[in-house]
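Following the hints, put chain S in place on chain X, whose structure we already have.
2 protein chains.
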Amino acid sequence: MSTPTAFPLPGSQGTHLLGEWYGCDFSTPTLNDLDTLRTICLFATGDAGLEVVGDVFHKFKPQGVTGTVLLAESHLAIHTWPEKKFTTLDVYVCNIREDNTAKALKLYNSLKEYFHPQGENFSRVQRGRKE
Amino acid sequence: MSTPTAFPLPGSQGTHLLGEWYGCDFSTPTLNDLDTLRTICLFATGDAGLEVVGDVFHKFKPQGVTGTVLLAESHLAIHTWPEKKFTTLDVYVCNIREDNTAKALKLYNSLKEYFHPQGENFSRVQRGRKE
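In order, the protein sequences belong to chains X and S.
FYI, the numbering for the first sequence is 1 to 131, going by my numbering.
FYI, the numbering for the second sequence is 1 to 131, going by my numbering.
Chain X with its partners taken away, still in its complex shape (with noise of 0.2 Å):
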């Protein structure tokens, strides 16, 4: 990522973790199933200390759920391909006030000990800048 140098403005830093996982267990149903799917995403989202604002999920057909979870930090994003055992989740949280990171770290591990992948891409990202 490029550092606008020639830009000193203010902005706001953040943390932006991207996880893709490979060899998902789909075997229980109820991951497919968007309810169960959204429980499991806000309660873990509160579980880790991070503040709910909104959500919206939306289930494919035949299968597959996507969905997001607005936070007072930033956002939660997780799409699922049962099909292909596959599952994305990116936590991004700002760290305005204070800084975030573990609690984004614990939502994202918790989150992924629903999936059990047997492999991981995992990337951390810091938007912005600190001022």
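These are computed hints drawn from the structure, not numbers from a lab.
All of these numbers come straight from a predicted model, not from anything done at the bench.
Where hints are given, some of them may not hold.
[What the hints assert, rightly or not] With a cut-off of at most 25 Å between alpha-carbon atoms, the simulated DMTMM-like pairs for lysine to aspartate or glutamate come out as follows:
(1) X:K59 <-> S:D47
(2) S:K61 <-> X:E51
(3) S:K59 <-> X:D99
(4) X:K59 <-> X:D33
(5) S:K112 <-> S:D47
(6) X:K84 <-> S:D99
Coordinates of chain S only, in the frame set by chain X:
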């Protein structure tokens, strides 16, 4: 991003555009209006040829709007901090049936035009891998 070569499992390749916009023009107050920003996002999404399957937006007090648009192709997420003249945008599209990267770039750039940022961080991340 690490490549999990030890896990030759199916996945789904996608393109994720991450932007941070500094020095945004919030002098037009409508950009800090939930309904207006939502309308702009939904219009730009359709205009780019992407399919909306849901959305949720939230307005903070005293200012700032945050929102996500769920796409058949994945998601858009936008967060604004008018007090810092700062905005972040995520556009993530999967490329299963076709390569949606050009549509994602069109959506990113059309939304950017509304904010007239004086500075920008931009990165493009490949999610998953080609099968």
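Tested hints:
For the hint pairing K59 (chain X) with D47 (chain S), the CA-to-CA distance comes to about 23 Å; that is within 25 Å, so the pair holds. Under the criterion of a C-alpha separation no larger than 25 Å, the hint pairing K61 (chain S) with E51 (chain X) is consistent with the structure, at around 15 Å. Distance restraint check for K59 (chain S) and D99 (chain X): the Cα-Cα separation of roughly 22 Å lies within the 25 Å cut-off, and the hinted pair is therefore satisfied. A hinted pair counts as satisfied when its Cα atoms are at most 25 Å apart, and K59 (chain X) with D33 (chain X) qualifies at roughly 8 Å.
Taking the CA atoms of K112 (chain S) and D47 (chain S), the gap is about 14 Å. The hint holds against a cut of 25 Å. For the hint linking K84 (chain X) to D99 (chain S), the alpha-carbon distance of about 18 Å falls within 25 Å, and the restraint holds.
Figure legend: structure checked against the earlier numbered hints; every hint is met.
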